[in-house]
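Make a model of the complete structure from these sequences and hints.
For the protein sequence lines, the chains are U and P, in the order given.
So the first sequence is numbered by our numbering: it starts at 1 and just counts up by one.
So the second sequence is numbered by our numbering: it starts at 1 and just counts up by one.
There are no misleading hints in this set.
Some chain P residues near chain U, calculated using beta-carbon distances under 8 Å:
1. Ala31
2. Tyr33
3. Gly42
4. Leu43
5. Phe45
6. Tyr48
7. Gln50
8. Asp56
9. Phe98
10. Glu100
11. Phe103
12. Pro105
13. Gly106
Calculated from the model, a selection of chain P residues having no Cβ within reach of chain U, i.e. all distances over 10 Å:
14. Glu14
15. Ile26
16. Thr76
17. Thr112
25 Å max Cα-Cα, derived BS3-like pairs, lysine-lysine:
18. Lys22(U) with Lys58(U)
19. Lys11(P) with Lys42(U)
20. Lys104(U) with Lys57(P)
21. Lys68(U) with Lys22(U)
22. Lys22(U) with Lys57(U)
23. Lys15(P) with Lys57(P)
Hints in this document: simulated from the structure, not taken from any laboratory.
Think of the CB as a built atom: it goes at the ideal place given N, C-alpha and C, for glycine as much as any other residue.
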Amino acid sequence: GENVEQHPSTLSVQEGDSAVIKCTYSDSASNYFPWYKQELGKRPQLIIDIRSNVGEKKDQRIAVTLNKTAKHFSLHITETQPEDSAVYFCAATLRAGDGLTFGKGTHLIIQP
Amino acid sequence: GAGVSQSPSNKVTEKGKDVELRCDPISGHTALYWYRQRLGQGLEFLIYFQGNSAPDKSGLPSDRFSAERTGESVSTLTIQRTQQEDSAVYLCASSPIFHEQYFGPGTRLTVT
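Below, the structure is given as structure tokens:
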């Protein structure tokens with residue numbers, strides 16, 4: 001089955017700087033890659049996703065890039081703000097019935 | 001509109017007791033997923049329901065776990081003879097189309 005590795009486990013950046021979180025996946029057939037943000041004690045929230053027919057997708061300050069050849073995808077957050085502090089999870093899947101395979105999460109800390 | 005809801009929000013039970021967790025998906029969402037999130041960990045896929053199709057139960061951790069869904073409505077996850085290792089947050093997600101999953105707030109299960 002699919003395996004997703006996520007790095008780093010903790011990332012601390014100064015407010016206003018950019019943050020990059022990276023994930024690799026094992027199944028070259030996977031075709032859907034969402035990113036979720038989870039604040040302490042809250043539900044995971046879908047913040048952006050990308051499908052395998054696209055190399056990059058942007059939504060305001062966040063962007064995701066996908067490299068199918070290398071089997072890795074990354075989340076980029078620019079102009080970080082205190083409210084960006086949370087745990088971010090990447091995930092991958094091929095079929096709806098397989099569910100999402102998640103990485104172990106990155107704790108993003110925005111330093112004032 | 002209303003999001004995915006789950007009940008109870010918290011459940012404390014004694015080892016060996018049975019528990020039933022409930023998920024109300026977003027109206028109109030045909031797909032429903034259950035995940036388990038252990039403390040400080042990523043999400044682990046358990047089971048998927050799509051319409052009236054029989055679910056694939058291979059992701060359930062043991063035969064003490066079972067799940068049901070009636071049509072495209074409420075789903076229940078039942079854990080029999082609970083063990084301490086079952087302590088986790090159990091999250092439900094529903095999906096309107098292939099892949100985009102929206103999560104409920106979860107049920108925090110503590111087995112003492």
